[in-house]
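Number of protein chains: 2
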Amino acid sequence: MTAYDPDNIFAKILRGELPSETVYEDDKTRVIMDIMPRVDGHCLVLPKAPSRNILDIEAADLSACMATVQRMAIAAKKAFEADGVTVQHFVEAAGGQVVFHTHWHVLPRFAGISLKAHTGEVAPAETVRAAADRLRAALSED
Amino acid sequence: MTAYDPDNIFAKILRGELPSETVYEDDKTRVIMDIMPRVDGHCLVLPKAPSRNILDIEAADLSACMATVQRMAIAAKKAFEADGVTVQHFVEAAGGQVVFHTHWHVLPRFAGISLKAHTGEVAPAETVRAAADRLRAALSED
Chain X
112 MTAYDPDNIF AKILRGELPS ETVYEDDKTR VIMDIMPRVD GHCLVLPKAP SRNILDIEAA
172 DLSACMATVQ RMAIAAKKAF EADGVTVQHF VEAAGGQVVF HTHWHVLPRF AGISLKAHTG
232 EVAPAETVRA AADRLRAALS ED
Chain C
112 MTAYDPDNIF AKILRGELPS ETVYEDDKTR VIMDIMPRVD GHCLVLPKAP SRNILDIEAA
172 DLSACMATVQ RMAIAAKKAF EADGVTVQHF VEAAGGQVVF HTHWHVLPRF AGISLKAHTG
232 EVAPAETVRA AADRLRAALS ED
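Protein chains in written order, with this note's numbering: chain X, 112 to 253; chain C, 112 to 253.
These aren't lab readings, by the way, just hints derived from the structure by calculation.
Where hints are given, some of them may not hold.
One copy or two, either will do: identical chains are not told apart, so a pair holds if it fits within one copy or between any two.
Below, a list of computed lysine-lysine pairs in the DSSO-like style, where the Cα atoms sit at most 30 Å apart [to be verified]:
1) Lys189 to Lys159
2) Lys189 to Lys139
3) Lys159 to Lys139
4) Lys227 to Lys159
This one's a predicted model, so the numbers in the text were calculated from it and none came from an experiment.
Work out the full structure: start from the sequences and follow the hints.
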């Protein structure tokens, strides 16, 4: 397996070298908004410790990520009054991975509405911030 | 949230009332082949305890599932000499869920090859068994 590259964009976000819309943080994990959302409210759960994906992540980091994925799935459903949620993890480029720091996609879903394709188009900052605010509000009600 | 229905097909498989091609089992989890594979080697990680999806699963079961997902991702990559892996969890029908017992899809992926659509077509038993044998062999080499 290819080694972890500490200059990937999520590592830079975690070090504060790049901005992000952070909606949740604990000892081991951080949740940021996807700036190329496939649906309004699309967020990403990251372990703070370096790992490339599920093939090399340590067990404690994986468990911590999943507790946060669960928390965000519940928050996303509530925040957007969603009918469902889709959770995805992509391993290596062939598996759909674009940034090589472990992350889990959490996507609110609505009956009859497909996810937008991953076009690489960056959403307006105010759209992403508004979705982040809804997630933060849902999290704060717990 | 809708209550857990103990007559869903994965619950029946876990109780031995329906057959399955099981490739791995431990105290808290079991891995069966998807009989409608979107790629050769498509398997499903199930918690043995009842839960509908990530919204209601208990923390210990979720952690156990993810340890098994990690094990299966590593095995799938090795067994099929895959370039990557995709991991999916679907929550409620709008999120893509078809069977309402928590499960994680683990799909070996190959550069340039898309997943087949979920057509509902059942694969020949010998095809599924051959893929299961490859996964078992990869697991036994650990």
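The hints, checked one at a time:
1. For the identical chains of this complex, Lys189 and Lys159 are neighbours both inside a copy (26 Å) and across copies (27 Å), given an alpha-carbon limit of 30 Å.
2. Proximity of Lys189 to Lys139 under the C-alpha cut-off of 30 Å is found in both arrangements, the shortest distances being 24 Å within a copy and 29 Å between copies.
3. For the identical chains of this complex, Lys159 and Lys139 are neighbours both inside a copy (5 Å) and across copies (27 Å), given an alpha-carbon limit of 30 Å.
4. Taking CA atoms no more than 30 Å apart as the test, Lys227 paired with Lys159 passes inside one copy only; the shortest distance there is 28 Å, against 34 Å between copies.
Comparing the model with each numbered hint stated earlier shows that all of them hold.
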